[in-house]
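Can you make the complete structure from the sequences, with help from the hints?
So the chains spell out like this:
Protein chains: 4
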Amino acid sequence: MKNSYTKKEQYYGDYLGLDKILNAQFPESEARGVDAHDEMLFIIIHQAYELWFKQIMHELDSILELFGQEEINDNSSTLQVATHRTNRIVEIWKLLVSQVTVLETMTPMDFLDFRDLLAPASGFQSFQFRKLEAKIGLKMKSRHEACYYQYQLRKEDIKGITELEGEDSLLDLMDKWLKRIPFWNNEFWQDFEVPEGASTDLHPFWATYRHIYQSGLIGAELKSIDMSDFDSLFFGKGGVSTRLSPESCQTALFITLYRDNPLFQVPFQFLSKWLEIDELMASWRYRHMSMVRRMIGMRIGTGGSSGANYLKGAMEKHHIFSDFTRLTTYLIPRAKLPELPVALKEKMRFVDL
Amino acid sequence: MKNSYTKKEQYYGDYLGLDKILNAQFPESEARGVDAHDEMLFIIIHQAYELWFKQIMHELDSILELFGQEEINDNSSTLQVATHRTNRIVEIWKLLVSQVTVLETMTPMDFLDFRDLLAPASGFQSFQFRKLEAKIGLKMKSRHEACYYQYQLRKEDIKGITELEGEDSLLDLMDKWLKRIPFWNNEFWQDFEVPEGASTDLHPFWATYRHIYQSGLIGAELKSIDMSDFDSLFFGKGGVSTRLSPESCQTALFITLYRDNPLFQVPFQFLSKWLEIDELMASWRYRHMSMVRRMIGMRIGTGGSSGANYLKGAMEKHHIFSDFTRLTTYLIPRAKLPELPVALKEKMRFVDL
Amino acid sequence: MKNSYTKKEQYYGDYLGLDKILNAQFPESEARGVDAHDEMLFIIIHQAYELWFKQIMHELDSILELFGQEEINDNSSTLQVATHRTNRIVEIWKLLVSQVTVLETMTPMDFLDFRDLLAPASGFQSFQFRKLEAKIGLKMKSRHEACYYQYQLRKEDIKGITELEGEDSLLDLMDKWLKRIPFWNNEFWQDFEVPEGASTDLHPFWATYRHIYQSGLIGAELKSIDMSDFDSLFFGKGGVSTRLSPESCQTALFITLYRDNPLFQVPFQFLSKWLEIDELMASWRYRHMSMVRRMIGMRIGTGGSSGANYLKGAMEKHHIFSDFTRLTTYLIPRAKLPELPVALKEKMRFVDL
Amino acid sequence: MKNSYTKKEQYYGDYLGLDKILNAQFPESEARGVDAHDEMLFIIIHQAYELWFKQIMHELDSILELFGQEEINDNSSTLQVATHRTNRIVEIWKLLVSQVTVLETMTPMDFLDFRDLLAPASGFQSFQFRKLEAKIGLKMKSRHEACYYQYQLRKEDIKGITELEGEDSLLDLMDKWLKRIPFWNNEFWQDFEVPEGASTDLHPFWATYRHIYQSGLIGAELKSIDMSDFDSLFFGKGGVSTRLSPESCQTALFITLYRDNPLFQVPFQFLSKWLEIDELMASWRYRHMSMVRRMIGMRIGTGGSSGANYLKGAMEKHHIFSDFTRLTTYLIPRAKLPELPVALKEKMRFVDL
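Read top to bottom, the protein sequences are chains H, S, V and Z. Each residue of the first sequence is one higher than the one before, starting from 61 at the first, in our numbering. Each residue of the second sequence is one higher than the one before, starting from 61 at the first, in our numbering. Each residue of the third sequence is one higher than the one before, starting from 61 at the first, in our numbering. Each residue of the fourth sequence is one higher than the one before, starting from 61 at the first, in our numbering.
Since the hints were made in silico from the structure, they are not lab data. There may be inaccurate statements among the hints.
As the list makes no split between identical chains, a pair holds if one copy fits it or if it spans any two.
Straight-line distance between alpha carbons at most 27 Å, and here's what the computed BS3-like set of lysine-lysine pairs gives [unchecked claim]:
1) LYS239 x LYS191
2) LYS405 x LYS297
3) LYS297 x LYS191
4) LYS199 x LYS154
5) LYS154 x LYS215
6) LYS236 x LYS80
7) LYS199 x LYS333
The structure is reproduced here in structure tokens:
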């Protein structure tokens with residue numbers, strides 16, 4: 061029997077659209093008869109970044125779709141598939157960070173050969189990158205101000221990104237997912253013993269946990285760790301503003317603490333990998349900033365901004381999952397963890413084979 | 061005063077031709093209504109490879125042009141510029157090797173979702189990559205046979221590559237460059253003393269060097285190192301076939317031995333970096349082969365070939381600079397190096413400031 | 061209250077035993093008054109390798125201990141912890157592969173300055189590395205012959221490694237673990253329908269799977285894929301020898317095919333990561349071989365062997381998990397997978413919360 | 061003839077002092093009977109860092125010795141050797157940056173298992189690292205204050221580092237080297253034409269260069285670039301303090317501008333690679349800081365400090381070659397470079413062969 065697939069012969073170059081890909085480089089220096097060998101590198105490395113941004117978007121969109129479902133069933137493959145794709149985003153970001161090394165082979169003098177021809181195009185105007193940030197959960201108001209005004213995104217681009225804010229970001233969807241997990245139902249906690257001295261206003265587990273945490277602080281920590289941050293994060297009491305709801309912070313910490321539990325293995329991986337992506341994106345901004353500083357010193361970036369300064373601001377403000385990172389402060393050693401009620405533990409395991 | 065450059069406003073996305081780049085992905089699975097999430101990755105990673113191949117071609121072409129000049133003047137910047145661009149090719153290849161990691165996030169099962177749709181397109185049909193190999197100096201007859209016949213390059217592609225063989229490859233141009241360097245003129249060597257027992261048929265330096273080398277072999281080496289390989293390489297006497305002329309092998313070894321000399325510093329770097337590229341291309345083929353083996357086991361590659369086997373053959377046969385690598389065998393310790401004639405040394409230094 | 065921990069003040073250098081670590085470099089060239097700047101690098105990079113081998117051993121031993129338990133309970137954290145530590149071994153091997161780059165900054169001429177002083181010490185004599193190979197599952201008889209005889213391991217080292225073979229290797233323990241999983245009990249498969257034309261001698265699932273696989277082979281594959289390899293692997297019928305039992309091969313393939321199942325998520329990761337380690341160890345041998353070839357050409361290695369040749373042999377023969385890699389050949393597309401019996405699926409999920 | 065070298069048999073393990081290296085791990089948790097599997101990783105990774113610091117010290121010391129010579133002769137191999145060894149330091153730092161990835165496989169919960177046992181030992185107390193910083197040129201007064209006081213270096217360590225400040229650092233020796241290069245002698249510049257409008261107080265070249273630079277500033281740059289920084293840097297006029305002398309800044313910029321010149325090729329590489337090291341050390345501090353933040357949140361570091369904050373301060377203040385980096389701001393495009401006097405160019409080339 062003939063295999064119907066082979067009827068239409070596929071050539072590698074056609075399949076990959078190489079006529080488009082390899083004919084999309086138009087050095088401005090060439091158009092103006094200026095000699096600037098390195099402009100091709102500048103174009104191609106940015107095109108490679110954009111290709112990878114498209115791939116990250118492909119993965120992210122599929123994760124958003126998976127998480128946009130009414131409810132994530134732990135027995136479906138949803139979270140596992142999302143984690144697998146998140147891991148791919150991790151690997152792509154690692155590549156993008158190391159890709160900066162190639163651009164660093166361009167010396168400042170070689171960049172000067174064509175730098176003025178680009179104005180006001182700038183390496184920071186990537187619409188796809190801004191969309192990625194927004195879809196993950198970076199809000200307009202949290203952005204470094206230079207991001208929109210100085211960087212001359214087109215009006216329609218800013219509008220596009222603003223519209224994305226109306227939709228659920230990954231952070232929003234994570235919040236919903238974490239919130240709904242019903243670990244705190246009374247049925248599980250009836251026999252759970254709260255230690256003396258612990259608050260009586262809180263759920264037994266959290267009263268206990270808060271008590272253990274506070275008792276464990278020693279020396280210098282006693283002064284530097286303020287329980288009001290703890291109370292803001294987990295109970296919404298206090299002035300520190302958070303993006304995650306207190307319920308989600310509770311669940312996220314709970315998963316981290318009891319990750320040995322079968323039910324928590326994949327959720328823990330999923331959360332960890334997104335923290336890693338946040339870090340990698342920050343690393344990329346940092347590498348990018350250092351490269352720009354080395355390339356143009358204290359000059360103005362091609363997009364009319366003081367490039368290095370913008371990136372420094374972005375580096376500090378653009379972490380999206382900082383609420384998760386703050387949780388780390390409130391971990392307690394495994395040896396001091398409260399033993400969970402048997403009824404709850406029974407709910408977090410596999411049916412036995 | 062108005063800066064004329066800024067008259068035409070450049071937008072990042074326009075400048076980079078992103079409308080072409082980001083609209084050149086056409087998953088076959090989508091066209092056929094098959095669900096195969098990972099085909100996008102397969103397309104985009106190959107497109108990224110091709111973008112980088114274009115960049116390597118840009119650098120390589122400029123080096124070929126520099127070396128195609130009548131004569132390379134050591135006081136021009138030719139060799140320095142060529143070395144700088146060669147170094148960029150090194151950094152790009154390092155990136156391409158690590159890029160394989162991203163493709164490894166695709167599991168064999170995920171590849172099977174669309175693998176049959178691609179036949180006979182294959183990951184080994186890259187015309188640009190074959191052109192790169194040919195321009196650097198890989199000859200048709202040295203290629204693994206599967207390369208052309210099994211891999212279904214189009215007729216016009218094979219013709220294009222064959223035509224490239226008629227032109228000077230980088231290896232050919234290196235040979236010309238190394239050959240012309242006039243270190244062996246009698247004027248320099250009149251007072252040079254050849255040790256007793258050395259051949260009287262050879263140039264004094266080489267008679268001496270051969271003698272020192274042979275005397276230094278110890279134990280197991282005595283049996284395993286055959287001087288006929290030495291004589292083939294440096295004097296064209298013997299059955300071992302070489303791509304480089306004996307004169308070029310002499311000069312290349314001489315540069316390696318006396319690299320401390322100002323005149324040899326950049327030439328040594330240039331040669332070393334091309335050996336590194338040869339190694340990196342081999343590493344890339346190796347990583348590629350391992351990845352294919354992990355992905356399809358002992359099946360047939362999408363181009364109708366036993367992918368892993370081809371790559372294994374290519375890995376062993378496709379080294380282009382193997383003559384240079386063989387030189388390493390014939391190095392002698394610095395402490396035993398013949399002292400060069402003063403008259404020659406005077407020719408290999410800077411004018412004093 | 062005073063914290064008793066702080067009673068004993070720990071200094072960084074004392075805690076890390078730096079007096080030992082930083083006073084363990086004794087260049088032979090220094091002892092003999094020979095000038096060989098790069099010998100320090102040679103010593104330190106090998107010491108760094110050995111430190112990391114010790115760390116890998118620490119992780120591997122803990123995994124062997126976990127797997128040496130009577131039975132691995134899916135509801136314990138055993139497999140998750142083992143997978144986490146396996147992942148650390150992956151990251152260490154990635155580092156060790158890239159570490160070769162540092163040694164490559166030593167030129168062949170610089171190595172010659174001290175190479176002869178080392179004989180017969182060789183870079184391939186690492187006892188720890190041999191032990192690692194043995195503990196993972198490399199058998200004496202599968203090793204490249206040069207490994208023991210030419211490389212002059214001390215008698216007690218060879219004895220030590222041979223003794224390790226008497227103990228259960230990781231591969232042995234994996235085999236036990238995979239074998240015991242009771243997926244094939246009749247109770248699950250009573251209503252499972254075997255397609256017409258399938259074998260009646262096999263378990264219904266495998267009869268079906270074999271039938272689907274064989275029917276799916278097309279064109280060139282039909283000739284190149286021999287079902288006797290399939291039958292050797294999964295049913296022990298046929299001449300191809302395997303290290304894994306047929307039952308384990310069945311389970312490993314089953315896990316790969318149905319990895320979306322909650323129960324299989326961590327097992328699938330565990331298996332995948334060990335395949336990755338096998339690949340990374342091969343990559344390391346490959347990088348090492350290339351480096352040696354570049355360093356000494358066709359000479360004899362410092363341990364009296366033709367270094368590059370040995371490594372090439374080792375590269376081809378020293379894969380430990382090749383049975384797992386072969387499984388890849390026999391995957392079928394997700395769309396053609398038999399639907400599992402409901403009773404079995406019920407056993408592979410979480411208790412509902 | 062017998063080779064005397066082989067008389068004393070060298071075993072790999074003896075040669076490498078593995079009895080010391082592999083018996084220098086004393087987990088505090090083990091001593092106290094606490095279960096903390098990951099402490100071994102914590103110890104070994106820091107030991108690996110210290111080994112590499114020793115290697116960097118070995119290279120740096122040899123470079124300091126080379127540069128400590130009365131005068132660096134461009135026709136000696138001094139600068140070439142120094143550049144080669146500097147490049148090795150670059151490769152080591154790249155490894156050290158990526159090594160952080162291995163430590164990141166330790167989760168915060170796993171660190172908590174032994175974190176309290178370490179106090180007050182801290183990952184920031186490395187005496188070798190402080191010495192490296194000092195030898196390269198970081199001054200006490202430029203350090204982030206936490207560096208000495210909070211980090212509890214031992215008194216003798218602080219004394220040792222302070223003493224190092226009395227010796228010439230690499231930055232000092234670079235300054236001396238750059239200062240002595242006699243490009244500005246009148247003999248070369250008699251016929252050099254200074255453009256109208258340029259200062260008449262300055263050396264003809266610098267009057268010209270300053271004029272071209274200032275005329276080239278456009279738009280936003282006009283306001284943001286202050287010529288007083290230029291005048292501080294190159295003429296010592298102005299309030300901005302610099303570590304390099306104005307003469308050295310002049311020479312360094314001159315080398316960068318005219319790097320195509322044979323005489324400048326190696327000096328340009330040398331300067332570039334040290335800027336790269338500065339960047340890599342900053343990258344390492346950054347990765348380290350991110351890792352600490354992820355590990356301990358806002359807690360106090362094991363050395364009693366708020367780890368992440370210290371590192372952030374160090375990241376900003378500990379650049380050693382910032383004067384060189386500032387030069388980049390004052391580059392002008394190649395097309396606008398003044399043509400050098402023929403007499404000077406003649407002094408910067410090779411004797412013709």
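Hint check results:
no. : hint            : verdict
1   : LYS239 x LYS191 : within (26 Å within a copy, 49 Å between copies)
2   : LYS405 x LYS297 : neither (29 Å within a copy, 45 Å between copies)
3   : LYS297 x LYS191 : neither (33 Å within a copy, 47 Å between copies)
4   : LYS199 x LYS154 : within (24 Å within a copy, 34 Å between copies)
5   : LYS154 x LYS215 : neither (32 Å within a copy, 39 Å between copies)
6   : LYS236 x LYS80  : neither (42 Å within a copy, 38 Å between copies)
7   : LYS199 x LYS333 : within (21 Å within a copy, 37 Å between copies)
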